[in-house]
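*Asks:* Everything in the first sequence is counted per the working numbering, starting at 336 for the first residue and increasing by one.
Calculated directly from the structure, the hints in this document are not laboratory data. Misleading hints may appear alongside valid ones.
[To be verified] Simulated restraints on C-beta separations:
| no. | residue 1 | residue 2 | range |
| --- | --- | --- | --- |
| 1 | K416 | F525 | 44 to 52 Å |
| 2 | D347 | A706 | 41 to 49 Å |
| 3 | D449 | S361 | 14 to 22 Å |
| 4 | N624 | K351 | 25 to 33 Å |
| 5 | N675 | T638 | 23 to 31 Å |
| 6 | K522 | D601 | 27 to 35 Å |
| 7 | R634 | E350 | 31 to 39 Å |
| 8 | D547 | E364 | 21 to 29 Å |
Yeah, the Cβ is synthetic: ideal placement off N, Cα and C, and Gly gets one too.
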Amino acid sequence: MIDLKLIREKTDEVEKALKRRNGNFSTKELVEVDSEQRRIQGEWEALRQRSNQLKDLIPAAQGEERETLKAEAKDVNARAKDLNAQKNELDEKLKALHFALPNVPDASVPDGPDETANVEVHTWGEKPKIDNPKEHWELGPALGVFDFERGVKLAESRFTVLMEMGAKMERALMNFMLDLHSKRGYKEVFPPILVNKECMYGTGQLPKFEGDFYKCADDELYLVPTAEVPVTNLYRDEVIDESNLPIYHCAYTPNFRREAGSAGKDTRGYIRQHQFNKVEIVKFCLPENSEDEHEKLVRDAETVLETLGLAYRRVILCAGDLGFSAKKCFDLEVWFPGQNKYREISSCSNFGDFQARRANLRYRPNEEGKARYMHTLNGSGLAIGRTLAAILENYQQPDGSVKVPDALVPYMNGVTVLKPKA
RNA sequence: GGAGAGGUGGCUGAGUGGUCGAAAGCGGCUUCCUGCUAAGAAGUUAUACGGUCAAAAGCUGUAUCGAGGGUUCGAAUCCCUCCCUCUCCGCCA
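Given these sequences and hints, build the entire structure.
*Replies:* Below, the structure is given as structure tokens:
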């Protein structure tokens with residue numbers, strides 16, 4: 336969340352920055368509740384002080400004096416209790432308002448209302464020249480890679496079964512990506528797929544987006560919508576020595592999203608599923624380094640696409656399209672010849688200290704002194720399903736077969752081409 | 001799921017109504033001493049928020065002994081509820 340002190344002291348600046356976002360965010364009520372809360376707290380503390388004095392005086396007092404003091408103590412405590420109830424109520428209101436505020440967009444983020452205002456930063460690679468390219472949802476079933484109907488039978492819409500070479504390529508992609516990131520300094524972790532609500536608050540999914548996630552209500556656990564959640568929360572409520580920063584992690588997890596509000600979007604194909612696999616890369620670093628670390632992280636994600644030979648472009652999200660917790664975000668969009676457009680395949684965000692404040696992620700500076708909030712970053716590296724779909728469309732051959740990208744062949748037990756089913 | 005034990009500062013661990021933000025030890029930091037590779041001596045060492053101050057230090061107020069409530073003038077300590085951990089049993093990939 337945003338530093339409360341900053342909101343208090345530079346209200347106008349924060350307010351102005353939040354206005355750039357899509358949505359009606361305001362600090363107005365928060366500021367009011369905050370000052371009221373502080374006023375009540377001051378009064379309460381004064382009463383507590385008197386109460387503490389009295390409890391020291393009473394044991395020494397005798398007779399009637401003792402009774403007088405006790406009576407006063409009773410009265411003071413009763414009033415303090417009353418104020419405390421008010422204070423708690425305000426605390427909670429304050430917390431709710433505070434947790435509902437998104438991060439402040441970075442100054443370098445362009446203005447704009449939605450994704451149409453995102454700005455292309457650069458492109459990479461040659462779009463393949465294919466006559467009458469097919470979409471992956473045509474190619475996949477013909478290759479025996481996707482079985483959309485049976486996915487629906489087993490669960491519901493937006494669930495797909497990967498068959499044979501499809502299952503193998505999905506698995507190959509996970510291993511390929513994890514190996515690639517491991518070589519580039521990311522320590523691999525495999526976290527729980529169910530997490531508690533503290534984790535969901537920590538990274539910013541809750542309280543704002545409750546309906547977007549699958550929840551095991553009986554156990555008060557959520558299926559992770561991204562590995563970002565468990566991995567960023569790894570060090571929740573911990574203080575890490577500065578000498579251990581930065582920390583890089585990569586993780587594969589399945590992800591679960593209800594896709595509430597996506598009705599009618601991408602209903603065909605393997606692009607928008609309720610369950611999908613993803614390799615995520617996550618960084619914890621010093622505040623002064625997060626800008627550099629962000630650029631390096633995006634490069635790490637881009638390297639996956641480049642190694643697979645997939646054309647893509649990098650865009651910077653405008654303020655209106657920025658995710659709740661991010662202060663700055665680059666999306667990588669891979670070229671889909673069949674659909675004749677770029678589609679998002681990775682989202683690389685710098686969160687500044689926003690998540691660190693929520694999850695209480697701190698570090699101890701080398702030059703001693705107080706623990707400070709670190710910065711967190713993450714990016715998809717990459718979404719597996721979309722990568723698989725992109726490979727089908729980009730590597731399709733005139734005879735309906737699909738070439739396996741060279742870098743993936745070793746992970747496919749030497750298979751170099753997927754052939755259509757007879 | 002059943003039975004039992006327990007949750008105290010960076011760690012170990014004492015503390016069953018006021019003198020307890022909390023003994024002691026370990027670890028950390030500072031200084032001193034010894035020329036011998038590490039030992040000794042002294043001191044210091046929790047966090048958050050607020051006040052004072054130009055600011056820092058300092059001083060000072062409040063809170064914090066798993067969480068929340070209760071009893072009491074007063075709770076780490078007594079009572080209630082919840083959460084978590086460990087051990088044994090059951091079940092099980």
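*Asks:* All hints, please: hold or fail.
*Replies:* Outcome of the hint check:
Between K416 and F525 the beta carbons are some 49 Å apart, a value that agrees with the proposed interval 44 to 52 Å. Range check, D347 to A706: about 30 Å between beta-carbon atoms, so the 41 to 49 Å window is missed. For D449 and S361, the hinted distance range of 14 to 22 Å is satisfied, since their beta carbons lie about 20 Å from each other. At about 27 Å, the beta-carbon gap between N624 and K351 stays in the expected band of 25 to 33 Å.
A beta carbon spacing of about 26 Å between N675 and T638 agrees with the range 23 to 31 Å that was offered as a hint. For K522 and D601, the Cβ-Cβ distance of about 33 Å falls inside the hinted range of 27 to 35 Å, so the restraint holds. Checked against the hint of 31 to 39 Å, the C-beta distance between R634 and E350 comes to roughly 35 Å, which is consistent with it. In this structure, D547 and E364 meet the distance hint of 21 to 29 Å, their C-beta atoms being roughly 24 Å apart.
Checked against the numbered hints given earlier, this structure breaks only hint 2.
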